[in-house]
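Undergrad: One-letter residues, chain by chain:
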Amino acid sequence: MNTTAALEIEGLRKSFGTHLVLDGISLSVGEHEVICLIGASGAGKSTMLRCLNLLEPVDSGRIVFAGEEITRRGVDVNRVRRRIGIVFQAFNLFPHMSVLENVTLAPRLALHQGSGEAEKQARALLDRFGLSDKVKAYPDHLSGGQQQRVAIVRALAMQPRLMLLDEVTSALDPELVAEVLDVIGELAAGGMTMLIATHEMGFARDIATRVCFLDDGIILEQGPPEQMFGSPREPRTQQFLQRIVNAHRL
Amino acid sequence: MAVEGDRRTGSEVDESRRSRILGALGSGGDGRRGVAIAILSTIVFAVVVVVVIGNSPGWPAVHQEFFSWNYFKSSFPEIARAFLLNCKIFLIAECFILPFALLIAVLRSLPGPVFFPLRALAIVYADFFRGVPTILVISLLALGAPALQLSAVPSSVVFWGIVSLVLIYSAYVSEVYRAGIDSVHPSQEAAARSLGLTRAQTLRKVILPQAVRRVIPPLLNDFIGLQKDTALVGTVGALEAFNQAQIDTAATFNFTPYLVAAVLFVAITIPLARFTDWLIERDRRRRQAQGLYA
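Residue numbers (my numbering), protein chains in the order written: chain A, 1 to 250; chain B, 1 to 294.
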């Protein structure tokens, strides 16, 4: 493992009522690593990402981000979240704001950027991801793929050191998946540290530096994509991947 | 793209459904025939109503007592002047109700055990003032409060009438706001908080703008109710339209002044309703236009 870890997770546990979702997750993520979390629905992938962003309080365990324990009492959650971007399956754009307002809102309010500065940065980002003609559009007039790209840009506008992507293509029509995956590929090429929960196994194989298989709230197996998809050790991993192959998704 | 595609399919479906309905009406291919039928049936209906009522045995007496043009003309100026007080009460009360009710709604939606006292206070407030009849609160405050002889507070019935209406309508309007706040999906809050916005910033920039937009029609409904209820301030002696009409009626033994007051109220409330619809429509069209041409 990398000694200058961007993110260190130790024994993370989380349950909703009596339902145990995360049963002791430990993971060390190095700078510029792209980690794909795979596993069946309900294995805990989304909950894990939401815990990392402090959207869900954890029951026990530690999360150390950029050398600071963010699970300790009294931590300023807003300050932490400004440096960790998260993108959701359902986009969650603000429907009453234009694309530009969606992207500039947080930099203006949370980073206290002037509106000129925030807009300049937002336009540059939108331009980079092929959205410059949608600056004034409202979310409900964009395709799903465009909305998700705007959501990624919105997170990037905060200049995060870590990006969490929670099944960002699962709500998209098949023909719109590629444009979103291209954006993520570009981020990876730019050296962004990312944790990606995904069902796109082909994409995970291409982009991941490491693949983690989550099963029943633990990381059952992890390794480089060639090994995970080529010769998984655990029977549960083999079963899961076999089901994916049978469904023609790999 | 997919969204626009879906929408186009939707309007095509509407089109075909409409032409099928028109087809069932007869040979007419456009909407002109439908309009003609509507006008004709309305005229027939109106004629029937006029003939039936006009031929009823008591109509001459009722016509004289409630629909006298002479009494209408003579009482109109005074009642119209008194009606200005209704408008004044309405406008002043509304200016306090809108922010105060929003405050109560926000207090009630605060999460966590720390805010329990504030939440409880907001609930007790809303329950109490929605449960007590308006006329009772007005009577208690407008007749009771001045008896305290507080030098710093005005003792006029109009002042206390406005206070009563603010207290009561804030309870109703806070419930409308709360329904709006609840209707905004939790994922919106998650998205805003995940970007590092504080709870207050999330509420102000993300939750409330969406919530308020959704409740404009029920909000305007309460506006209309408030405009009508300003007449209740007349019961404790304020010289507003209803009270003035009562005075005129008592003096002449003719009930037409009540009709005058009713006409004045309707003259305000109906445009208010049309205005609401226009606002909603304009907002919808503006968002659509920007989406298509940006």
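Derived from the structure by calculation, the hints contain no laboratory data. Treat the hints with care, since some could be wrong.
[As the list claims (entries may be wrong)] Distance windows between CB atoms, simulated: (1) B:R285 / A:S231: 45 to 53 Å; (2) A:G67 / B:P113: 27 to 35 Å; (3) B:L143 / A:G74: 49 to 57 Å; (4) B:F128 / A:R72: 27 to 35 Å; (5) B:F115 / A:D216: 53 to 61 Å; (6) A:V77 / B:L103: 21 to 29 Å; (7) A:Q238 / B:R199: 42 to 50 Å; (8) A:N246 / B:F115: 47 to 55 Å; (9) A:D216 / B:L103: 14 to 22 Å; (10) A:K136 / B:I216: 47 to 55 Å; (11) B:A38 / A:S170: 44 to 52 Å; (12) B:G131 / A:S15: 52 to 60 Å.
[Said to hold, decoys possible] Listed below are the simulated DSSO-like cross-link pairs for lysine-lysine, each with C-alpha atoms no more than 27 Å apart in a straight line: (13) A:K136 / B:K205; (14) A:K120 / B:K88; (15) B:K205 / B:K228.
[Unchecked claim] A few chain A positions that, by computed beta-carbon distances, are all more than 12 Å from chain B: (16) L20; (17) H32; (18) D76; (19) E101; (20) A106; (21) A155; (22) L220; (23) P235; (24) L241; (25) H248.
Where a beta carbon is used, it is the ideal one built from N, C-alpha and C, also for glycine.
Undergrad: Hint by hint, say whether it matches the structure.
TA: Against the structure, the hints:
1. B:R285 / A:S231: 45 to 53 Å: violated (59 Å)
2. A:G67 / B:P113: 27 to 35 Å: holds (33 Å)
3. B:L143 / A:G74: 49 to 57 Å: 54 Å Cβ-Cβ, so the 49 to 57 Å window holds.
4. B:F128 / A:R72: 27 to 35 Å: violated (43 Å)
5. B:F115 / A:D216: 53 to 61 Å: violated (37 Å)
6. A:V77 / B:L103: 21 to 29 Å: holds (25 Å)
7. A:Q238 / B:R199: 42 to 50 Å: holds (46 Å)
8. A:N246 / B:F115: 47 to 55 Å: holds (52 Å)
9. A:D216 / B:L103: 14 to 22 Å: Cβ of D216 (chain A) to Cβ of L103 (chain B): about 47 Å, so the range 14 to 22 Å is violated.
10. A:K136 / B:I216: 47 to 55 Å: This hint is violated: roughly 24 Å between Cβ atoms.
11. B:A38 / A:S170: 44 to 52 Å: Holds - the Cβ-Cβ distance for A38 (chain B) and S170 (chain A), about 50 Å, lies within 44 to 52 Å.
12. B:G131 / A:S15: 52 to 60 Å: At roughly 41 Å between Cβ atoms, S15 (chain A) and G131 (chain B) fall outside 52 to 60 Å, so the hint is violated.
13. A:K136 / B:K205: holds (18 Å)
14. A:K120 / B:K88: Between K120 (chain A) and K88 (chain B) the Cα gap is close to 48 Å, so the pair fails against 27 Å, i.e. violated.
15. B:K205 / B:K228: violated (34 Å)
16. L20: holds (22 Å)
17. H32: Correct as stated: the minimum Cβ-Cβ distance to chain B is 22 Å, above 12 Å.
18. D76: Violated, because the least Cβ-Cβ distance between D76 (chain A) and chain B comes to about 10 Å, which does not exceed 12 Å.
19. E101: violated (9 Å)
20. A106: violated (4 Å)
21. A155: Not fine: 7 Å to the nearest Cβ puts A155 (chain A) too close to chain B.
22. L220: holds (28 Å)
23. P235: The assertion about P235 (chain A) holds, with a minimum of 36 Å to chain B.
24. L241: holds (31 Å)
25. H248: holds (23 Å)
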